[in-house]
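J.: Spelled out, the chains give:
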Amino acid sequence: MGVLLDVLGSVIIGGTLLLMIMSFNLQMQETSSRIYYTSSMIEHMEEVAQNVNHVFSMAGIGFNKDDQICVTASQTAIKFKTFWNYETDVLDQEPHQIEIRLDTAPTGTGKVLDVIQDGIVYPLGHILFIEDMKLKYYNKSDAATTVLKDIMSAEVLLTFRRDSPWRPDRPLRSNLQLKCYMMNRYLQEGAWD
Amino acid sequence: MNMMEMVLALLATVLFTTLSLTYNQAVWAQTDYLNNATMVVQASQICHSILDEADAKLFSQQYTLNDLVTKYNYTKTTNYSHLAASFTVKAETQKCDGWGEILADQSGLSMYRKMTITVTGHSYLQRPYTMTRLFTDSFIR
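Respectively, the protein sequence lines represent chains A and B.
With the first letter of the first sequence counted as 1, position 112 gets the number 112 in the working numbering; the numbers rise by one all the way through.
With the first letter of the second sequence counted as 1, position 56 gets the number 56 in the working numbering; the numbers rise by one all the way through.
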């Protein structure tokens with residue numbers, strides 16, 4: 001009877017330990033996947049911030065300071081005029097209209113932030129893994145404004161989202177808040193001519 | 001169960017508890033690194049926004065080079081509603097030479113200003129994040 005109890009006890013202890021090890025392994029896999037996903041997301045966030053900042057800084061190139069640069073400006077989109085070409089990253093002879101817009105149509109990879117030039121989305125114009133974008137506009141004196149002619153900078157509130165590799169019901173979300181200045185408009189304001 | 005078995009069982013418990021703790025600690029450390037990395041991206045954007053603001057105001061001639069010293073020497077805590085977090089931002093601007101060395105005599109003349117922005121204050125941000133930019137006056141008009 002004593003031997004039987006010993007065997008039963010060791011089986012229980014051994015089983016518990018095996019379960020622990022298996023659960024450790026599973027957790028390790030999930031953690032490493034989350035780490036991989038999150039670290040790639042962090043890199044993505046940095047790139048998006050640079051990209052959005054770059055696009056904003058090019059607004060209004062080639063226009064006079066009294067011209068109205070912004071065509072539309074809402075909480076989820078802004079469209080402005082510039083002689084800068086988003087596709088080629090050079091200045092053109094003809095003006096372009098560039099729009100940054102949150103495409104709310106759900107896709108397999110989440111919502112998309114589109115950079116649209118003259119109505120066309122170029123291959124590098126899709127910014128992925130965006131769940132939400134809110135824009136707030138400011139004038140030259142840093143006061144909030146909705147007047148198109150007065151917009152000089154914008155606060156961009158981005159929410160990134162990527163599905164968790166293990167738990168689709170618990171997606172990985174990260175928020176980023178940045179302020180983008182229309183640098184060329186500021187240059188024109190300074191009457192550098 | 002004799003004494004030897006009890007000691008062995010105790011040792012096994014200690015071993016597995018240690019293993020479990022070590023493993024959990026490693027996972028927490030990894031999570032901390034990731035949280036820190038996320039906050040570093042945000043801290044970098046805060047620094048950029050302040051330095052870009054100074055750039056923009058200089059471009060538009062709302063500020064002069066001398067204004068940078070008076071307007072960008074502060075420490076303040078700002079709440080970032082979208083992140084549900086607060087950061088303490090310290091801005092320091094001083095006269096410097098063309099290599100970024102701070103001038104010992106700040107009352108002297110210099111055509112350079114060195115602005116350093118340091119972001120701290122969030123528990124996930126393990127170390128202060130600092131960004132520096134050198135400003136100079138251009139005579140190309």
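The set of hints was computed from the structure by calculation and includes no laboratory data.
It is possible that part of the hints are untrue.
[To be verified] Below, computed lysine to aspartate or glutamate pairings styled on EDC-like, alpha-carbon distance capped at 16 angstroms: (1) 140(A) x 53(B); (2) 179(A) x 55(B); (3) 79(A) x 131(A).
J.: Does each hint hold? Answer for all of them.
T.: Right, here's what the structure says about each hint:
For the proposed pair residue 140(A) and residue 53(B), the alpha carbon gap of about 10 angstroms is at most 16 angstroms, so the pair holds. Between residue 179(A) and residue 55(B), the direct Cα distance comes to roughly 13 angstroms. Compliance with the 16 angstroms bound is thereby established for this hinted pair. With a C-alpha separation of about 20 angstroms, the suggested pairing of residue 79(A) with residue 131(A) is violated against the 16 angstroms cut-off.
The structure is inconsistent with hint 3 alone, although it conforms to all the rest.
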